[in-house]
Structures are given as structure tokens and as C-alpha cells.
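Engineer: As a plain string of letters, each chain reads:
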Amino acid sequence: MAMDSLMYLVISLAIFAGLFIFINSYNRGSAFYEDFYVKEIVNLINNAGPGMEFKLDVTKLASIAFKNGKPVKEIIDVDNVLNKVVVSSRIGAGTSFGFFNDVDIVYLPVENPSGNIGTTQFIFKIVEKQK
Amino acid sequence: MIYRRGDATASSILYMGSFFIIILMIVVGIYGGFVSFFREGYDSRYTESRVLLNKVKDCFDSGKITFEGLNEESLVEKCVLNKDILNDGEHIIYLKDSSGSEFSFGVDNFRVGCGLNARFDHLELPLCASFEYGSGNYILVGSSQNSRRVSA
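Protein chains in written order, with this note's numbering: chain A, 27 to 157; chain B, 18 to 169.
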């Protein structure tokens, strides 16, 4: 009887540990980093004016996206019609935030700039709104 | 089978122990799920309000807009602001001049929300920034915008 209970306990702990590792590896803080980056990007856009350009290091987000199978080029999307930035490090889901600065954004990813392996940046160019 | 007193006690203790551990795992799992999905995120409401306040203030300082004849269209056009975003139910721009005339754009009710003590803990309430000119002109700007999960 005692042996049965002990085995029952060990198996339960093993299943729990397996589930924990699976969920933890699946999540990887995606939601948190999406929320953080989308708000930082919008803050920079709101502060910028036409003609300005800025680079943002998104290596942490890119590494999460890479582990989740999301192409790094698709982790940031700017909707210039709705004035919204969408950051996504997961397949099929992302986080959206609006910017009130009435400008258009041209953006492109730069992987491994200056030969720095494992670094990903995005360049954002602020241009006047195309009416 | 012969049961001895000691065997029965050890078995029941082990059985009860495993039962409580499983209950604990379920509780911790549910709590962890709630924390990971509903925890408060990065709060950018005040930062956004400050930036918007500075833009509106710069508009006044540079003479692009004045209190006379001020309306929503002229405000968003002269200050290069997006009307749809400011009208999304999560922003307010409130202006009051020295003569007492008022102009409000966005959620007028945020003028109350800006002063609530609960605003720091509740992301659905606005965090606001204000500026008062010496002559009695007053600008209040607030935002309760938070990020949204979308399909991507």
C-alpha cells in the first residue's frame, strides 16, 4: 500500500514537472516582452517628427520569436492606416498599441548589424502622413 | 494479508501527503495561470500623457492654435494628432482659458478619473498630466490606453 502511494506520488510529480517545463518553454515571457516593446516603440514614435529615424534593438524579442517559430522579419508590424503598432513573438497572436502622432512609419529589420552575431535591430523612419 | 499497526499509519500518511501535494499543485497551477495571463503589464499611461501634453503645449506656444475658434479638426490638424486614436475612448484633452471657456476632446469623464486614487492600480483608469499658464490657461491630458491581444 505504501509502495503504491509512493509510486502514485512520484508519477504525479513527474507529470507536473513535465507540464511545468512544457508551459514554461511555450510561454517564454512572450506576452510580457510584446507588451513592453510595443509600448516603447509607440512612445518613440509619439516623440518623433517627420524626417527622424531611430534604431531599436529587439534582440530579446527576436530570440523569443525564433524559439516560437516566428520569422524575425514579422515580429513588428506598423499599420499606418489605423495608426497601430503590432508586436508578435508567437505564431497567430500579437500585441497591439495605437500611436497618436499622425505620421507614417517606414520600418525594416536589420539582423546582425555590423557583423554582431545574435543581434537584431529595427530601423524606423518617420515620414509625413500620406493622405 | 496481515496488517500491522505501523504499516497502516505510514501508508495513510503517505497517501494523505500525496493527496495534499496534488491539491497544492492544482492550486499553484491555477494561480500561476491567472498571474501569467492577468498580471499588470508595463504601464505607459503617464508617459503617453506627458508626450501628448507636450505636443499640445508646443502647439499653443508656437501659435499654431489659440483658444479662439478651437475645435477638434483644427486641434488634430495643427498639432499633427490622429483623431481616431484620440477618439478611441481612452484619451482626453481638456483646455480651459482664463475667461473660463472650455474645450474638451475625448472622454470628458476622465476629468474625474484623473483625480481618483485608484488610478495608479487600475489600468482602465487614466493617468493624466496637466499644465497651467500664469494667466489662468489650463491644459489637462490623460490616457488609459493599454495594449490589446490581437491575431497576427
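No lab work stands behind these hints: they were computed from the structure. Among the hints, a few may not be true.
Stated by the list, open to error - These stretches of chain B come out as covered by chain A in the derived footprint (C-beta under 8 Å, 3 or more residues):
1. 62-75
2. 79-92
3. 103-115
4. 129-139
Every residue, glycine too, gets a C-beta built ideally from N, C-alpha and C.
Engineer: If a hint holds in the structure, say so; if it does not, say that too.
Structural biologist: How the hints compare with the structure:
1. Counting residues of the stretch 62-75 of chain B whose beta carbon lies closer than 8 Å to any beta carbon of chain A gives 5, which meets the minimum of three for the stated coverage.
2. Here the stretch 79-92 of chain B counts 0 residues with a CB under 8 Å from a CB of chain A, which misses the bar of 3, and the coverage is violated.
3. Residues of the stretch 103-115 of chain B lying with their CB closer than 8 Å to a CB of chain A number 3, which satisfies the three-residue condition for coverage.
4. A count of 0 residues in the stretch 129-139 of chain B with a Cβ less than 8 Å from any Cβ of chain A is obtained; the coverage claim is therefore unmet, three being the minimum.
Checked against the numbered hints given earlier, this structure breaks hints 2 and 4; the rest are met.
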